[in-house]
Every structure is written in C-alpha cells, then in structure tokens.
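J.: Which chain is which? The protein sequence lines are A and B, in order.
Residue 1 is where the first sequence starts when you use this note's numbering, and the numbers rise one by one after that.
Residue 1001 is where the second sequence starts when you use this note's numbering, and the numbers rise one by one after that.
Worth flagging that the hints you see were computed from the coordinates, not collected in a lab.
Mixed in with the good hints there might be a few duds.
Computed spacing ranges between beta-carbons, pair by pair [what the hints assert, rightly or not]:
#: 1; chain 1: A; residue 1: 107; chain 2: B; residue 2: 1098; range: 25 to 31 Å
#: 2; chain 1: B; residue 1: 1022; chain 2: A; residue 2: 45; range: 17 to 23 Å
#: 3; chain 1: A; residue 1: 51; chain 2: B; residue 2: 1038; range: 28 to 34 Å
#: 4; chain 1: A; residue 1: 16; chain 2: B; residue 2: 1070; range: 47 to 53 Å
Every beta carbon over 12 Å from chain A, so not counted as near; a handful from chain B, in silico [to be verified]:
#: 5; residue: 1017
#: 6; residue: 1022
#: 7; residue: 1052
#: 8; residue: 1063
#: 9; residue: 1066
#: 10; residue: 1070
#: 11; residue: 1071
#: 12; residue: 1087
#: 13; residue: 1093
#: 14; residue: 1095
#: 15; residue: 1114
Computed list of lysine to any residue pairs in SDA-like fashion (alpha-carbon distance at most 25 Å, straight line) [as the list claims (entries may be wrong)]:
#: 16; chain 1: A; residue 1: 5; chain 2: B; residue 2: 1058
#: 17; chain 1: A; residue 1: 37; chain 2: B; residue 2: 1039
#: 18; chain 1: A; residue 1: 5; chain 2: B; residue 2: 1042
#: 19; chain 1: A; residue 1: 56; chain 2: A; residue 2: 27
#: 20; chain 1: A; residue 1: 37; chain 2: B; residue 2: 1071
#: 21; chain 1: A; residue 1: 71; chain 2: A; residue 2: 82
#: 22; chain 1: A; residue 1: 37; chain 2: A; residue 2: 26
#: 23; chain 1: A; residue 1: 37; chain 2: B; residue 2: 1037
#: 24; chain 1: A; residue 1: 5; chain 2: B; residue 2: 1040
No residue lacks a Cβ here, since even glycine has one placed at the ideal position from N, Cα and C.
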Amino acid sequence: DQQVKQNSPSLSVQEGRISILNCDYTNSMFDYFLWYKKYPAEGPTFLISISSIKDKNEDGRFTVFLNKSAKHLSLHIVPSQPGDSAVYFCALGSARQLTFGSGTQLTVLP
Amino acid sequence: DAGVIQSPRHEVTEMGQEVTLRCKPISGHDYLFWYRQTMMRGLELLIYFNNNVPIDDSGMPEDRFSAKMPNASFSTLKIQPSEPRDSAVYFCASSFAFQGNYEQYFGPGTRLTVT
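For reference, chain B alone in the conformation it holds in the complex:
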C-alpha cells in the first residue's frame, strides 16, 4: 500500500495568497484527520471526517481555513488568505473504524511557509 499521500511536500507563498493542501488517504480507511504542527502548539487537530462528512472542526483556527472531502480518496485543506502565522507543517492522517486502538496513519506532511 502507498500509505497516505500529501501534496505538495513544500509550499512557499506570499501573504494574502490562497493555499491548497491535498491528501489521499489509505484505501479503505473511513476516517481522515488534518493536523498542524508548530513549535508553540505542537501537533494539534484541525478537523476530521468520517465517511467524507466533517465531524469536528472545532480545531480550525478561523474562517480563513476550510476543508473538504468530496470523496473517499481525496481531501483538501484551504487557507484563504494566508498569513505568516500559518507557517507550519500540515499533516493528514487516516484510520478505519475497526482499528481498535485508534491508530492513525500519517502522511509525510506539507511544510508551508508564508512570507
């Protein structure tokens, strides 16, 4: 299996621009999670989906952030407009309902730099 795939791996953009991060979960997994990692806040959950439906978006920092999952094999996290404080590593993870210990499988991350 290819594992969780994220693109791009690195993104550098200017303040005010729109940024779209992409994720392909492991086939057959029915949960998808978006995390952000920063030095100050560590690894924090932004939003998660179950069967393509957003379940909890309480971690999304503000209205500039939005996430979609149009089908079981694709999700996007969009930031519009981007700000320097959005600079972080963004991880996508997936899991399946019968994973009893709640183990999540992480992608390699997207390093976002907003100048």
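Here chain A stands alone, though its shape is the one from the complex:
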C-alpha cells in the first residue's frame, strides 16, 4: 500500500526552463511535506518544506505547492540549472516520521 507516489521516474528539462516535479498521497494524516535532493553516492539533503496549513512556500528558485483537496504536492524549479540534476524525493511527515516517495531523476540539459 503506497501512501506516497511519484509517478514520473525521470524528467528532462532544458537549462533555464521550469522543472515541475509531482507527488501524490493517499492519507490526510500528514502535517508537513518536504522535498529532498539526492546526488549519487551521497545522502538525501533537505531542499524545502511546507506545512499542511499552507498552500505555497517559496525559497529562491524553488517553490512548493500543496493542494490538500487533491492530495497533491509539487516542486517548481525556475530557472533550472545543470547543477539541479539529481534525484528528488518528496517526503511526508507525521509524528516525526517521514514517508518517502520513490523519487524522480531530474536531468537538466545545458
């Protein structure tokens, strides 16, 4: 029973364009929603988060949107840069635990 789904295993985007990564969930119990970035041979690193009481949070080139009625979370990166190429995981938080999606490999083409 997958509570968190990232349906796109991979995404390719041209440098300078917008990257949109998506995450769907089934359970309404989560109260924080996070995005992590992972480079090969490294641990995941935190990128941005949003509380369940908000619908948007912005940090520089990164914006996270939360649509609670649709149980949908998205991460927008604009403009995309080659250094953004990595695997992106959504992670949903409840009672201090995080449940991770399967990840999306983003490739930003120069």
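With chain A's structure known, arrange chain B on it following the hints.
T.: Showing chain B alone in chain A's frame:
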C-alpha cells in the same frame, strides 16, 4: 558541524556473515533513524530511536536485523546472518524535537553488498 557520520562507506561480505553498520548522529539531536534504499522498495524506514530508546521497529524486515543505541552519539545496525537480498544502501539520519518541519539530516550511507 560534521554532520551525520556513517561507517563503513562500503561493505562487501559473504552470505552468512555478520555485518555491523555504525552511525554517529549530529550532536544535540534526539531522534535517530535507520533507512534502507533499494531499487524495488525505494527508501524505507527500518527503525527509529528517541533519546536512545527504540520507538518503532516495525520496518525491520526480520529477526536477522537488530539495532541499538547505547548512547546519544552512537548507534549500530546489525545483520546476522547476512543474505544477498540484504544488499542495499543503508542510511542513518538524525533530527531534533524542536525541528518543526520534521527535517531529518542524512549521513552519506553505507553500501552493503552480500555475495
């Protein structure tokens, strides 16, 4: 700060051998998590501790896996006996109670290969 430290970074062992993975959390953090990442199952939580006490071990796959946290600065994950299907990357992460958004800080991982 040094971040979360894991050792070894790579471990290759034969089936049936005992494997011990080690983790040093960030100083002052009171939560410690062990995860396993595989292609099939993604990043899954195995067990987590709060103030050195195991809180939830429902993710531990079977009795061959055990974890301890003897003090606030050290934890181990042991597999005995190891099997080829245990091959994966094992991550340790830590966080502190006042981290409102539940952010966890991950170590670099231990890549385990069981032949």
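J.: Give me the numbers of the hints this structure contradicts, sorted from smallest to largest.
T.: 1, 13, 14, 20, 21
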